[in-house]
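Chains as they are written, first to last, in this note's numbering: chain A, 1 to 318; chain B, 1001 to 1318.
Don't take each hint at face value.
[Unchecked claim] Calculated pairs, DSSO-like style, for lysine-lysine (alpha carbon to alpha carbon, straight line, at most 27 Å):
#1 A:305 <-> B:1167
#2 B:1300 <-> A:24
#3 B:1308 <-> A:167
#4 B:1300 <-> A:7
#5 A:308 <-> B:1166
#6 A:203 <-> B:1007
#7 A:167 <-> B:1166
#8 A:58 <-> B:1308
[What the hints assert, rightly or not] Some residues of chain B that are not near chain A, with every Cβ distance over 12 Å (derived):
#9 1042
#10 1162
#11 1215
[Stated by the list, open to error] Quick list of the computed label-pair ranges, beta carbon to beta carbon:
#12 A:158 <-> B:1042: 44 to 52 Å
#13 A:309 <-> B:1029: 30 to 38 Å
#14 B:1176 <-> A:250: 52 to 60 Å
Hints listed in this document are in silico derivations from the structure and should not be mistaken for laboratory results. Cβ coordinates follow ideal geometry from the N, Cα and C atoms, glycine included.
If you want the building blocks of each chain, they are given just below.
There are 2 protein chains.
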Amino acid sequence: MAFDYVKKVRICEVGLRDGIQNEKGAILTVEDKVELLRGMIDAGYKVIEVGSFMHPVKVPQMANTDEVYKAMQAYDIPDDVELRALIPNKRGVDRAVACGCKKVKLNVSASLGHNLANLNRTPAESVAGFAEAVDAAKSNGLEISGSISMAYGSPWDDDIPIDEVKKIIEAYMAVGITEISLSDASGMAYPSQVYNICTEVRKAYPDNTWWLHFHNTRGLAIANIIAGMQAGMNQFDGSLSGVGGCPFVPGAAGNVATEDVIHCLDEMGVETGIDNDKVIALSRRMVEMIGHAADGYVLKAGQSKDLKLPLPVRQPKK
Amino acid sequence: MAFDYVKKVRICEVGLRDGIQNEKGAILTVEDKVELLRGMIDAGYKVIEVGSFMHPVKVPQMANTDEVYKAMQAYDIPDDVELRALIPNKRGVDRAVACGCKKVKLNVSASLGHNLANLNRTPAESVAGFAEAVDAAKSNGLEISGSISMAYGSPWDDDIPIDEVKKIIEAYMAVGITEISLSDASGMAYPSQVYNICTEVRKAYPDNTWWLHFHNTRGLAIANIIAGMQAGMNQFDGSLSGVGGCPFVPGAAGNVATEDVIHCLDEMGVETGIDNDKVIALSRRMVEMIGHAADGYVLKAGQSKDLKLPLPVRQPKK
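With the hints as constraints, model all of the structure from the sequences given.
Shown next, in the form of structure tokens:
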């Protein structure tokens, strides 16, 4: 037996997109988001999901995404920082181009049941329909990536065979997308499965770039990340303070907290390039902005390195 | 790279001891505890920590432990079920003998600072002092085991070198104890460390029996359990509903929830012999008895296998 894992990873901060998109309380203002984004860049993040170009009435928290991108143009953003947005289709590309967003991401559900219910199409058929968006992105010089939600299971399916996930990956590759996120919005992934899926897709499509996105719905997100790292994966999403729920189980935990992930990686000697003290401060700001605590651990318990009690001096025996 | 792990594990339920020992609310009655114990045996647990023989004024939740053991004698307990109690010293053995408890466990902190502060002795000196208790246990036909708390780090120490942990293990072995629990009450363990420590002690002391006890203080308990399983460990503690706090960080999470652990193991195809549906029902009773929710996930989110939405039928194209 061995315990090998990658020693350098990239973390994408998704708190401003998947984290807050379903928050029912205070809408984060452009100023709030700019404050957090500047803090993230200062903390060392190189990949940040800024928001999404969905219908503003359907997702009010994301309605000011265009304005956030425009506001960020006032600041000096290092060339190696990627500010990503989720888009539903070609209209999302148009909005991205108009506001200066240079990297977009499409999404499809791996669940046949989920996709049939929403769109009356198989997942691979939906991805084939993304060709127009991909062409528009590329002709405008935008980078474009894709994600596959419920890649590890869904409430609609007894099981999602790896071959079905591979069909979706191949559909993405057929329209020219090779940067792909395998996402567990339903919180059903478990470590041995993650290891097996990641090993399989890395072997089958060695030139693709991969992201893993885990929710901590059943307490397994960090175990899943480590299983992914044991399979050689090196890009993971996290959400400040753990904000973001499980869409299928009201009240259950959602996104894994970025500061919990980085705390574990710091302890394991894995390089992230991100200063977790700064992430923790940003998570506290996020909690203030959304008006309630989320499910992260380190915000409550502190980092192990910060837990220090004075060492007593041994007294002489009497 | 590989993802190998043991495929059969034993779970010890510690909710009635480490779980509730610091609960400040309702004291669990003998009847409450007997109800949970009988439920645990019915669910398939083979190892259960019933309570402790500490000073009743210092730990009121444990004051009725003797009565619980006596009350359990009214029931048919299978021979392969071990009802364990924590003891501080030889007086604990005397109480165990008097009430029919057949398996006891000693504990020492691996933290030099912690042990000096409490007892003005090194951990190994404390363990050497257990000889009287071990002799009393063995001469009365009791099994006796030992645990080492803070084996992975403590708030008092920058680091706890593995050689210090090995000295404590050897002190236990010198007094005749070879069943040893490596415990993380401070919630500072992390997966690569767990793998390394477990690999090292299994190699150095191949005839010992090991338990691992993790708190979920920083969200890493299940990742640590899996790392332990990857190092060949096969005995782990869990606490119904996750009851039990972190003694050093008020408000932080404590013991890992047994039902969360078994849910993960079930998904990974690991045999526990325990029916998690029954564990979940017991956790709900525990929450009723203590009067507040604990930090477990599956009680809120449900098991993945129970999350089923109806699969829609594909509609013909128009």
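Structure-inconsistent hints, enumerated in ascending order: 4, 7, 11, 12
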